[in-house]
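2 protein chains.
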Amino acid sequence: MMEPSEPRDTLLIELVENGDRFLPHLSIDCVVFGFHASQLKVLLLKLTNADLYALPGGYIYQEEDTDQAGARILAERTGLTRIYLEQFGVFGRHDRTNNRVHQQIFESFGIPFDPDFWMWKRFVSIGYYALVDYDQVTPTPDLFSDRCDWHDVGTLPPLLFDHARLVEKALETLRLMLDHKLVGFNLLPEMFTMAELQGVYETILNRKFQRTNFQRKMLSLGILERVQKKYGGGSHKAPYLYRFDTGKA
Amino acid sequence: MMEPSEPRDTLLIELVENGDRFLPHLSIDCVVFGFHASQLKVLLLKLTNADLYALPGGYIYQEEDTDQAGARILAERTGLTRIYLEQFGVFGRHDRTNNRVHQQIFESFGIPFDPDFWMWKRFVSIGYYALVDYDQVTPTPDLFSDRCDWHDVGTLPPLLFDHARLVEKALETLRLMLDHKLVGFNLLPEMFTMAELQGVYETILNRKFQRTNFQRKMLSLGILERVQKKYGGGSHKAPYLYRFDTGKA
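Respectively, the protein sequence lines represent chains A and B. Numbered by this note's numbering, the letters in the first sequence go through residues 1 to 249 in order. Numbered by this note's numbering, the letters in the second sequence go through residues 1 to 249 in order.
These are computed hints drawn from the structure, not numbers from a lab. Here the structure is a predicted model, which is why all the values come from computation and not from measurement. A virtual CB, placed ideally from N, CA and C, is assigned to each residue, including glycine. Hints should not be assumed to be uniformly reliable.
Unchecked claim - In silico contact screen, one side only, chain A against chain B (beta carbon under 7 Å); selected entries:
| hint | residue |
| --- | --- |
| 1 | Leu23 |
| 2 | His25 |
| 3 | Asp65 |
| 4 | Gln87 |
| 5 | Gly89 |
| 6 | Val90 |
| 7 | Gly92 |
| 8 | Arg93 |
Claimed, not checked - Chain A regions said to be covered by chain B (calculated; three or more residues, Cβ under 8 Å):
| hint | stretch |
| --- | --- |
| 9 | 50-63 |
| 10 | 120-128 |
Input sequences plus hints: build the corresponding full structure.
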């Protein structure tokens with residue numbers, strides 16, 4: 001039995017010696033969206049010793065709901081415990097996973113290759129997308145990665161398995177849900193200007209809106225609360241701040 | 001080893017003696033929608049010796065894509081091999097399944113109860129919804145059911161596990177997709193009148209449309225092809241028939 005010396009060793013022992021605590025063949029992958037400098041960003045892990053990036057992901061404990069597992073995995077990678085999280089699809093091609101890179105990382109930890117090891121089997125993955133306030137996130141690498149960083153959605157590096165397809169499908173779902181469930185607010189701080197909200201919509205939908213039309217439409221939904229002006233030191237030109245009124249949504 | 005005497009025995013042997021050919025802990029459940037007599041219908045199985053109904057479902061072979069498994073399961077229950085089929089969600093509460101009724105059915109087949117049998121474990125289910133032409137379906141019970149019938153979505157009988165929630169979520173997704181991906185055509189025969197198409201939209205969305213507005217909107221999409229009149233024996237009052245023009249969609 002291995003002895004843990006740091007947190008990532010604890011997870012390694014969990015995976016290697018207590019693999020039967022997880023559901024076999026089933027994983028979760030998360031597309032975490034943030035909004036920064038007028039760009040839609042996605043959180044990626046750089047795999048150790050490889051020029052390959054992966055979505056934050058993990059496994060489901062036998063006694064854990066899938067939604068709980070998604071929230072736990074995201075908390076580990078972002079430091080956030082309250083996250084807007086939605087399933088967007090199942091990725092279940094029988095040949096979608098090829099664990100060569102992960103096997104090499106395990107071997108670099110001194111764990112000999114075992115073709116029957118549960119992690120090298122076929123995995124069906126449940127895709128979740130998350131909308132987070134960029135400034136609140138503390139990106140944290142996992143056992144198989146040496147970096148965790150934001151990347152522009154438009155210029156992604158090479159991605160593991162079918163993860164590029166997962167990002168694409170998550171983005172399609174986000175576009176569809178932006179109007180339907182008004183999820184865009186989750187990408188902004190608690191208080192925001194109308195221009196910031198318009199920026200989120202324009203970036204995700206990749207189109208421009210006319211300023212007064214956009215404002216009229218948003219206010220007509222009756223879900224924005226205008227906040228007392230707090231900054232600007234008395235300037236009457238400071239823009240209004242708004243807050244999403246959850247009581248009305 | 002049991003000897004098969006009819007098709008359902010073959011499946012029973014597969015489940016009992018070759019259970020390791022399926023992915024453990026993972027199932028598929030299908031919400032099959034049909035449209036008949038101005039009602040939206042869903043296909044349900046009546047479990048043998050129980051006043052309980054279930055969605056058509058099944059398991060995924062180790063070498064099978066999840067989408068292939070969904071299509072195979074639906075072909076077995078409906079006789080249809082080309083079906084409009086979409087995932088709509090994963091149902092993953094750790095305590096969602098309770099296999100008491102299925103265990104009793106197994107015992108009625110003379111198979112003694114084994115608490116470690118793979119089918120009695122926790123299952124995460126992938127939900128698919130299907131849109132079919134009602135008149136083309138041959139409803140066929142499975143191993144655990146003695147009937148397979150259409151039921152009105154508005155008046156469903158008692159359903160197994162969380163299957164009522166699956167129907168609800170499938171219906172929410174169908175409503176959202178009706179305009180977005182124009183999926184409603186899949187509920188109609190190849191040729192249909194504008195009134196029939198309007199009936200599908202009105203029933204699913206539970207609202208009325210003004211006839212000329214509905215027609216103008218549908219024609220403006222540029223995806224309907226008007227078919228040469230074929231019936232009515234010369235009456236110039238027979239309504240036009242339309243066909244979904246897949247080349248333009």
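These are the hints, each one checked on the structure:
1. A hinted interface residue such as Leu23/A counts as satisfied when its beta carbon comes closer than 7 Å to some beta carbon of chain B; here the least separation is about 5 Å, so the hint holds.
2. Interface hint at His25/A: satisfied, since its Cβ lies 5 Å from the closest Cβ of chain B, which is below the 7 Å cut-off.
3. Interface hint status for Asp65/A: upheld, as the beta-carbon distance to the closest one in chain B is roughly 5 Å, under 7 Å.
4. Annotation: interface hint on Gln87/A holds; nearest CB of chain B at approximately 6 Å, less than 7 Å.
5. Taking 7 Å as the C-beta contact cut-off toward chain B, the hint placing Gly89/A at the interface holds, the least distance being around 6 Å.
6. Among the interface hints, the one on Val90/A holds; its C-beta lies about 5 Å from the nearest C-beta in chain B, closer than the 7 Å criterion.
7. About 3 Å separates the beta-carbon of Gly92/A from the nearest beta-carbon of chain B, less than 7 Å, and the hint is met.
8. Nearest Cβ of chain B to the Cβ of Arg93/A: about 5 Å, under the 7 Å cut. The hint holds.
9. Check result for the stretch 50-63 of chain A against chain B: holds, 3 residues qualifying (beta carbon to beta carbon below 8 Å, three or more required).
10. With a threshold of 8 Å between beta carbons, the proposed coverage of the stretch 120-128 of chain A by chain B holds, since 3 of its residues qualify and at least three are required.
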